[in-house]
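Quick note, the sequences are listed as chains A and B, same order.
No gaps in the numbering here: position 111 of the first sequence is 111 in this note's numbering, and each next residue is one more.
No gaps in the numbering here: position 14 of the second sequence is 1014 in this note's numbering, and each next residue is one more.
Keep in mind that the hints were calculated from the coordinates and are not lab data.
Quick caveat: nothing in here was measured; it's all calculated off a predicted structure.
Just so it is clear, CB atoms sit at the ideal spot from N, CA and C, and this is done for glycine as well.
A hint or two may mislead.
Unchecked claim - A short, non-exhaustive set of chain B residues, derived as facing chain A with CB atoms under 7 Å:
#	residue
1	R1006
2	I1008
3	V1009
4	N1011
5	Y1012
6	H1013
7	V1022
8	G1056
9	H1067
10	I1068
11	R1069
As the list claims (entries may be wrong) - So the derived label-pair ranges between C-beta atoms look like this:
#	chain 1	residue 1	chain 2	residue 2	range
12	A	H127	B	I1057	45 to 55 Å
13	B	Y1055	A	N60	41 to 51 Å
14	B	S1027	A	S117	21 to 31 Å
15	A	I21	B	R1069	20 to 30 Å
16	B	Q1035	A	E116	23 to 33 Å
17	A	S25	B	H1034	21 to 31 Å
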Amino acid sequence: MASGLPDYYRGVRPRYGGARIVSDSKQVTKNIQTNLVAISGRGMTYGGAVWLDYTLTQANSRVLLGCEGVAITDLSFLRLNDYGIDQTKTLPVSLNRYDPISFIYSVGISYGITFESSLILNYLEQHGTTPTVHFRLVYALI
Amino acid sequence: MKIELRGIVQNYHLGHTHVDLVVTEDSPDHYVTHQMGVDIKVNRGKVLMFLAGIYGIRPGEIVWPDHIRLTEEEDSMSLPL
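So here's chain A without its partners, still in its complex pose:
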């Protein structure tokens, strides 16, 4: 006698649209937030990264990720490094590389961050300089 659910009742696949990517480099404005990506819609992140290779320190600068107008992560590169926040999914934005000698900084964006109306990726420069920030965000809209 058959038992259990038929196969077609199991594993309902999320109904997201196809994967989309935004990537580029932008020279940010000193001491303020610079918008990198702004999405109005409902969806989910598949991953991403923000990195820069500069000639001066950017230790206190930070990558801001916001959903529905709320900054869900805003720690500086220095704080992420100080407390070892470098595991994917510990926070939506986690540290990949922190090199205060060569001034190389990199963070990753987690998979699976759902947003209901908006997703924003910003960079807040805190040292009075204008570095060029590279970014890549992969996501899908529902």
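Fit chain B to the supplied structure of chain A, relying on the hints for placement.
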């Protein structure tokens, strides 16, 4: 043809801010992206008129989900620190 807006994406590319509109055409799985403009401010009216012009339909026939919100003018967005 049933056109439903699924997302508005503003992203920086090659020195300019590009505004893209993501819509579905008839089928809920058929996503299409339209490049609305470069270095422009958008609002609900502009988006509807743009899509209506592309598809040759009235602006009121475009489905606008409640979760997509635009105020009067939207350009770069800031977050509370």
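Verification of the hints:
1. R1006: holds (5 Å)
2. I1008: holds (4 Å)
3. V1009: holds (5 Å)
4. N1011: Cβ of N1011 of chain B sits 4 Å from chain A, so the hint holds.
5. Y1012: Since the shortest Cβ distance to chain A is 5 Å, the answer is holds.
6. H1013: holds (5 Å)
7. V1022: Holds. Min distance 5 Å.
8. G1056: violated (24 Å)
9. H1067: Constraint on H1067 of chain B satisfied, holds at 5 Å.
10. I1068: holds (5 Å)
11. R1069: Status holds, d = 6 Å.
12. A:H127 to B:I1057: 45 to 55 Å: Distance hint for H127 of chain A, I1057 of chain B holds at roughly 51 Å.
13. B:Y1055 to A:N60: 41 to 51 Å: Holds, since Y1055 of chain B and N60 of chain A (Cβ atoms, about 48 Å apart) stay within the stated range.
14. B:S1027 to A:S117: 21 to 31 Å: The hinted range 21 to 31 Å holds for S1027 of chain B and S117 of chain A, with Cβ atoms some 24 Å apart.
15. A:I21 to B:R1069: 20 to 30 Å: holds (24 Å)
16. B:Q1035 to A:E116: 23 to 33 Å: For Q1035 of chain B and E116 of chain A the Cβ distance comes to about 25 Å; the hint holds.
17. A:S25 to B:H1034: 21 to 31 Å: About 25 Å separates the Cβ atoms of S25 of chain A and H1034 of chain B, which means 21 to 31 Å holds.
Of the numbered hints listed earlier, the single one contradicted by the structure is hint 8.
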